[in-house]
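Trainee: Read off the chains here:
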Amino acid sequence: MTLKTTVNTAARRGPSLAWRKLWQGGPDAKPLNALAVHAVLLGYTLLALAPILLVIMNSFKSRRAIFNDPLALPTVDSFSLVGYQRVLERSDFGLYFGNSILVTVIPLFLVLLFGAMCAWALAEYRFRGSRLLALYMAIGIMVPIRLGTVSILEIMVALNLVNTHMALILVYTAQGLPLAIFILTEFMRQIPRDLKEAARCDGASEYRIFFQIALPLIRPAIATVAVFTMVPMWNDLWFPLILAPGEKTQTIQLGVQQFIGQYATDWNAVLSALTLAVLPVLVLYVFFSQQLIRGLTAGAVK
Amino acid sequence: MVTDAQRRFPWHIIFFLGPAVLIYTVFSAWPLLDTLRLSLFTETGPGTRAFYGVGNFITLLTDPNWSVPFWNALWNNTKFFLIHMLVQNPIGLLLAALISLRGLRGAKVYRTLIFLPTLLSVVIIGFIWQLILSPLWGVSEGLLEAIGLGHLFDAWLGNESSALITLALISVWQFVGIPLMLIYASLIAVPDELIEAAVVEGASAWRIFWQIKLPLILPTMGLVTILTFVGNFNAFELIYAVKGALAGPNFSTDILGTFFYRTFFGYQSQIGSATMGATVASMMFFVILCGVAAYFFVIQRRLQRYEM
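Same order as they appear, the protein sequences are chains A and B.
Throughout the first sequence, residue numbering follows the numbering used here, covering 97 to 398 in sequence.
Throughout the second sequence, residue numbering follows the numbering used here, covering 7 to 314 in sequence.
Incorrect hints may have been included.
To give a feel for the contact side, a few chain B residues facing chain A, derived at Cβ under 10 Å [said to hold, decoys possible]:
1. Ile20
2. Leu23
3. Leu44
4. Phe63
5. Leu110
6. Leu119
7. Ile120
8. Pro123
9. Glu151
10. Met187
11. Gln276
12. Ile277
13. Ala280
14. Leu295
Stretches of chain A that chain B covers, calculated by requiring three or more beta carbons in the stretch to come under 8 Å of a beta carbon on chain B [what the hints assert, rightly or not]:
15. 188-195
16. 346-358
Listed next, the stretches of chain A that the computed footprint assigns to chain B, with coverage defined by at least 3 CB atoms under 8 Å from CB atoms of chain B [as the list claims (entries may be wrong)]:
17. 139-153
18. 168-181
19. 264-275
20. 287-293
21. 312-322
22. 363-370
In case anyone wonders, no lab produced these hints; they're calculated from the structure.
Note that beta-carbon positions come from the ideal geometry of N, C-alpha and C, so glycine has one too.
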């Protein structure tokens with residue numbers, strides 16, 4: 097029996113008698129106080145969320161209420177959208193959003209497609225140097241692409257790509273590929289041999305086997321890789337700052353950074369800008385948190 | 007039997023590998039090698055370069071104009087890393103140990119919520135904490151006063167002695183979710199039989215944790231350590247967002263990432279230099295390489311023996 101099935105059967109059985117005894121404080125086991133555990137976890141959860149909630153909450157209040165009673169929820173009297181109004185008037189938030197979506201979604205698609213293709217080749221075909229190639233692609237997991245910035249900038253200048261979305265798209269694709277290939281190769285190996293052989297006997301081409309059999313089968317893994325790949329791209333500040341700082345190509349991180357520098361004293365505007373920048377991630381997390389956490393935990397156990 | 011497909015040139019392998027290998031090579035592997043190469047050159051005039059051997063490295067390590075900020079950044083970065091190791095990872099371990107307790111209600115909710123800050127951009131997290139800790143707004147001051155510790159309040163981000171520690175703690179607050187998740191995943195994989203046997207023998211929950219669970223998850227602790235190391239020695243955004251490229255006050259929060267940025271792009275009166283930038287990036291590469299090598303050859307090899 098593998099480890100995973102052991103854990104699964106144990107989980108299905110529910111907490112064993114011994115554990116229940118321990119939980120309720122058996123006669124010889126040191127009592128483990130469930131209340132204390134919840135107190136610690138609740139306390140930490142509050143610490144993790146309070147700063148974010150505080151900013152969101154105060155972004156909906158008038159300037160006076162922000163200062164007089166920062167910890168209070170907005171009321172009918174103190175409610176105000178003046179911060180949002182100012183952010184939307186004075187900055188190109190819509191443009192920044194659009195840029196960020198563009199330089200996240202396109203590289204994401206490329207990482208998933210090219211990553212899956214490469215993973216398929218590494219897992220399925222035997223050719224000279226395939227192990228070395230897998231190792232070469234995996235180096236990028238541990239060595240940050242940021243260390244090559246000097247040359248990346250020179251390449252982009254030579255290609256005339258500075259201050260274009262293309263520069264960021266190419267760099268983010270290169271950045272996301274190693275981990276995607278590493279994870280997807282594992283999943284490609286698990287596709288049953290019979291399926292592929294049957295297709296080959298029917299005369300299906302290698303391309304067809306990949307696109308119509310392999311790719312649909314590893315869809316859950318692709319979804320997990322997608323979440324992992326997307327977050328660092330959306331959150332990156334380094335490459336937008338260096339490769340695309342122009343007014344037209346700014347991403348949301350760079351836009352917020354500069355907006356807040358300019359309007360540091362306008363608290364309404366600052367709090368609203370922060371909230372606007374946080375919201376998309378919060379919304380995504382609500383939808384994908386299960387996927388993300390399952391991926392994180394499954395990846396670590398393996 | 008050799009089929010037609012095998013005898014023909016395997017174009018399909020090229021098709022599958024090509025795009026990924028090409029993009030990765032041109033925009034990741036090659037720039038890294040080229041940066042190492044550039045660190046051996048020096049700028050002799052606008053747009054011209056000459057081979058300089060390890061001259062840049064000697065300048066970086068011995069010329070006081072370069073070595074003082076470099077060692078300062080390296081030392082600050084080490085402190086930044088140590089604070090993560092001493093605060094972030096033990097807290098992650100504690101929370102993971104609690105959340106993974108069998109029969110705990112709401113475990114899913116806790117881990118989902120505690121992981122949330124990890125996903126937000128470092129830029130935004132930096133600004134949020136800057137507002138909270140600012141003496142102007144006084145949210146933190148007011149909270150401290152409410153519990154009778156108001157006299158402890160200070161402009162932590164503004165003082166040379168406390169700015170780096172404060173920034174490291176902000177980073178710890180944000181990224182505690184990563185060790186939490188990795189440790190949690192390996193804790194729930196510890197076989198029930200082992201734990202039950204220990205309970206039957208009369209071991210306390212405390213002893214079970216220290217003598218059974220912890221030794222079993224040591225490989226994960228090794229992984230958490232190297233991930234923290236690489237992440238910390240590559241950090242930049244938080245310091246830049248809160249303190250700017252000058253990493254004030256008086257460079258007390260300067261780490262390798264901000265030092266690299268200033269060297270490459272210049273600041274105030276100093277002109278940026280691509281070759282010196284490449285030299286600093288190469289030093290960062292060597293530091294990270296040492297950490298990764300130590301992980302693979304020392305930690306991981308030794309820990310494997312304990313694997314389940």
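Trainee: Work down the list of hints and note, for each, if the structure agrees.
Mentor: Structure-based check of all given hints:
1. Ile20: 9 Å, holds
2. Leu23: 5 Å, holds
3. Leu44: Constraint on Leu44 of chain B satisfied, holds at 6 Å.
4. Phe63: 15 Å, violated
5. Leu110: 7 Å, holds
6. Leu119: 5 Å, holds
7. Ile120: Hint holds; Ile120 of chain B Cβ to chain A Cβ min 5 Å, cut 10 Å.
8. Pro123: This interface hint holds because 6 Å falls under the 10 Å limit.
9. Glu151: 12 Å, violated
10. Met187: 5 Å, holds
11. Gln276: 16 Å, violated
12. Ile277: Hint on Ile277 of chain B: violated, closest Cβ of chain A at ~15 Å, above 10 Å.
13. Ala280: 5 Å, holds
14. Leu295: 8 Å, holds
15. 188-195: violated (count 0)
16. 346-358: holds (count 4)
17. 139-153: holds (count 9)
18. 168-181: As far as the region 168-181 of chain A goes, the hint is violated, because 0 residues have Cβ atoms under 8 Å from chain B.
19. 264-275: That given contact holds, which follows from 7 residues of the region 264-275 of chain A lying within Cβ reach (below 8 Å) of chain B.
20. 287-293: violated (count 0)
21. 312-322: violated (count 0)
22. 363-370: Answer holds; 4 residues pass the 8 Å Cβ test.
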